[in-house]
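Visitor: First to last, the protein sequences are chains R and Y. For the first sequence, my numbering puts the final residue at 345, and the numbers step up evenly by one. For the second sequence, my numbering puts the final residue at 690, and the numbers step up evenly by one.
To be clear, the hints were calculated from the coordinates, so they are not data collected in a lab. Please note: incorrect hints may appear among the correct ones.
When the alpha-carbon atoms are kept at most 35 Å apart in a straight line, the in silico DSBU-like pairs for lysine-lysine are as follows [unchecked claim]: (1) Lys649(Y) <-> Lys294(R); (2) Lys639(Y) <-> Lys211(R); (3) Lys294(R) <-> Lys323(R); (4) Lys280(R) <-> Lys382(Y).
Label pairs and their calculated CB-CB ranges [said to hold, decoys possible]: (5) Ser440(Y) <-> Ser244(R): 47 to 55 Å; (6) Gly275(R) <-> Val685(Y): 45 to 53 Å; (7) Ala327(R) <-> Ser682(Y): 55 to 63 Å; (8) Asp253(R) <-> Ser440(Y): 40 to 48 Å; (9) Leu51(R) <-> Arg661(Y): 30 to 38 Å; (10) Glu441(Y) <-> Leu243(R): 36 to 44 Å; (11) Glu216(R) <-> Ser440(Y): 36 to 44 Å.
We put the CB at the ideal spot given by N, CA and C, even for glycine.
Protein chains: 2
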Amino acid sequence: MNHLQNSQGTTAGEIAKIANVSRVAVSRAFNPDASIKPEKRALILKLARELNYVPNHAARSLVTKRSHLVGVIVPDVCSPWESQEIDALTTSLQSEGFATLLFKTRADKQIDPQLLSYIRGFNPDSVIVFVENVRRETLAKVIGRAVPIYVEYDNQTSAAKDQGSGMLYDRLNVCQRRGIEQAVALLQGFECKRIAFLDGHPRSLAARERKHTLSEIMAARGMAAPIIVPGDFTYDSAHAAILSQFRVDNGVDAIFAANDVSAFGAMDALRYSLGLRVPKDVKVIGFDNIAQVKWRAYDLTTVKVDLRERVDALIRLILRRLKTPDAPILIESLSTSLVVRGSVG
Amino acid sequence: MNHLQNSQGTTAGEIAKIANVSRVAVSRAFNPDASIKPEKRALILKLARELNYVPNHAARSLVTKRSHLVGVIVPDVCSPWESQEIDALTTSLQSEGFATLLFKTRADKQIDPQLLSYIRGFNPDSVIVFVENVRRETLAKVIGRAVPIYVEYDNQTSAAKDQGSGMLYDRLNVCQRRGIEQAVALLQGFECKRIAFLDGHPRSLAARERKHTLSEIMAARGMAAPIIVPGDFTYDSAHAAILSQFRVDNGVDAIFAANDVSAFGAMDALRYSLGLRVPKDVKVIGFDNIAQVKWRAYDLTTVKVDLRERVDALIRLILRRLKTPDAPILIESLSTSLVVRGSVG
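This is chain R alone, in the form it adopts within the complex (with noise of 0.2 Å):
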């Protein structure tokens, strides 16, 4: 690893002489993945602190091909599950030497081959993408050498597929049958017959899984149809689809939301313009379990998807095709679990 000299002058070279190390024990010193005692460490870095030295990683990613930046694309920082995942994923790549290069989709969650062009140009080490926002034909297009990790739902084909296109990502695959399964078994064990499921963003996968997963649990055990009602995670959209579905059309016993924060609109919905109470009218289940199911407001029973797993999987697959790039693809699994609050029962 060969750095630059810094802007005040001081070079890597005069650290090593002053420290009597190599200069390769400097590189060492300022990448936390490599081997080095601790003491000599310590040393090295209290030294370029004091004469004000700093590694560059802009003149250094030409050098080791390395930029130390990983690309987050989302449609919206500022939804509870994404802010709470991207805090989370910030925390963990930061102790690892990385830093994240946010990036917003489109307002339609697509994202344009330009925007993915722009991101390419920044040369993030890897790009973590949502399989809904982005086709795998048009990442292979525009991303080279970073290692985009796919989020895919209850996939169980897609090795198969990656067979058939060519294109290998690593990837997190979220399970999101279980904690259903368990949703749908609390609901039918209290008598609850009409259902609704409180559907997600038009485009979402995630939300088109959960919904089909639904409708299969619920027929398997003999129940009728979930009702549809259309949402696209956004409270207001839950709050005015579920008032419809109430005075239009016909009320039902439980709402299954695709999101916590749709569950909240759909809960003051109840009971601030219909008058019912939760959970004792109707029952209400939410998808994510962020950080506000436990507001004394709702104290909403939800889906989790562990946020702590998610991300530690995510750091794995990252850090494991940084260090070994032709390993075989790996796809990790999370498993969802219900988590039983007071808008049930």
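Assemble chain Y onto chain R, guided by the hints.
Guide: Just chain Y now, kept in the frame of chain R:
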């Protein structure tokens, strides 16, 4: 601008030759700020896509001394205000040809000099820092050519301080007084006598200024001093502190919370644990105007900091400083105002 060869082998020179334009034109086509005829830009971008050419920002940054990265350093990405600000910032930066580089402070909201060195290694063009997370002296030692933007509160004397310290930073000054004045007038109008200030994190200068300004205004209006209830901006601490205030000490007839999220915690404690009504028994006011204040369960009266205005001002400061590095220090100011909703009156 000299684009190095990209990994697929196509160079800016080759694109220029095929498009029959100059190499400068190719550079301009990829720079959203550069002036170039729309049809010329379209042609170059089309050819670049077809030939899989992408300018490399890392390589370019060594030549132009621009990385097109803007660092943002926050304690929590997932608190609603921060996530909403980062979302809006990222959208604006992206449309100006920049990318957001995200960093987190320590859990105690301070920034290690080591983190600043680390950030400088990424060579950001600008860094947005919050004055409570890092002292100017620390920042000056480490940030070299990056343009820090300080966010300050109600600071009348900072220009004078600059002169003394020799450290000159552009900044955004959030004038919190106006909204607080309106809040106090409203509470006085409803004849509230015992008013609690539910405090923010002890290290937050924003909260300290809010408390200070509130006390000053109440004294000037001949009202009793506010009762200070400890807090840290979180729902849970607010919930516990309000329970303790009502059960152990005496109740109050109004709560002014240092942010919206702790106002939610206070409201839920009042309603679900203390059996009190909002606004009938206790009036509640928050600060920030995050998206969730409109949720029917809260419908919170709050002091609004206009997010759009705030982000626009930050972007203006960044672009101006990059365009004219020697321009005099600029302080943008932002006012606040009260938005009245159901939690009062």
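Visitor: Each hint should be assessed against the structure and marked as holding or not.
Guide: Comparing the hints with the structure gives:
At most 35 Å may separate the alpha-carbon atoms for a hinted pair to count; Lys649(Y) and Lys294(R) meet this at roughly 26 Å. About 28 Å separates the Cα atoms of Lys639(Y) and Lys211(R), which keeps this hinted pair within 35 Å; it holds. Of the pairs offered as hints, the one joining Lys294(R) and Lys323(R) is violated, with about 39 Å between alpha carbons and a cut-off of 35 Å exceeded. The suggested pairing of Lys280(R) with Lys382(Y) is violated, with an alpha-carbon distance near 65 Å, which exceeds 35 Å.
With their beta carbons about 35 Å apart, Ser440(Y) and Ser244(R) fall outside the hinted range of 47 to 55 Å. Range check, Gly275(R) to Val685(Y): Cβ separation about 25 Å, and the 45 to 53 Å hint is violated. Between Ala327(R) and Ser682(Y) the Cβ separation comes to about 56 Å, which falls inside the hinted range of 55 to 63 Å. Distance hint for Asp253(R) and Ser440(Y): a CB-CB separation of about 47 Å, consistent with the stated range 40 to 48 Å.
Range check, Leu51(R) to Arg661(Y): about 36 Å between beta-carbon atoms, so the 30 to 38 Å window is met. Here the CB-CB span from Glu441(Y) to Leu243(R) is close to 40 Å, well matched to the stated 36 to 44 Å. Hint check: Glu216(R) to Ser440(Y), Cβ distance near 42 Å, so the stated range 36 to 44 Å holds.
In summary, the structure is inconsistent with hints 3, 4, 5, 6 from the numbered list given earlier, while agreeing with the others.
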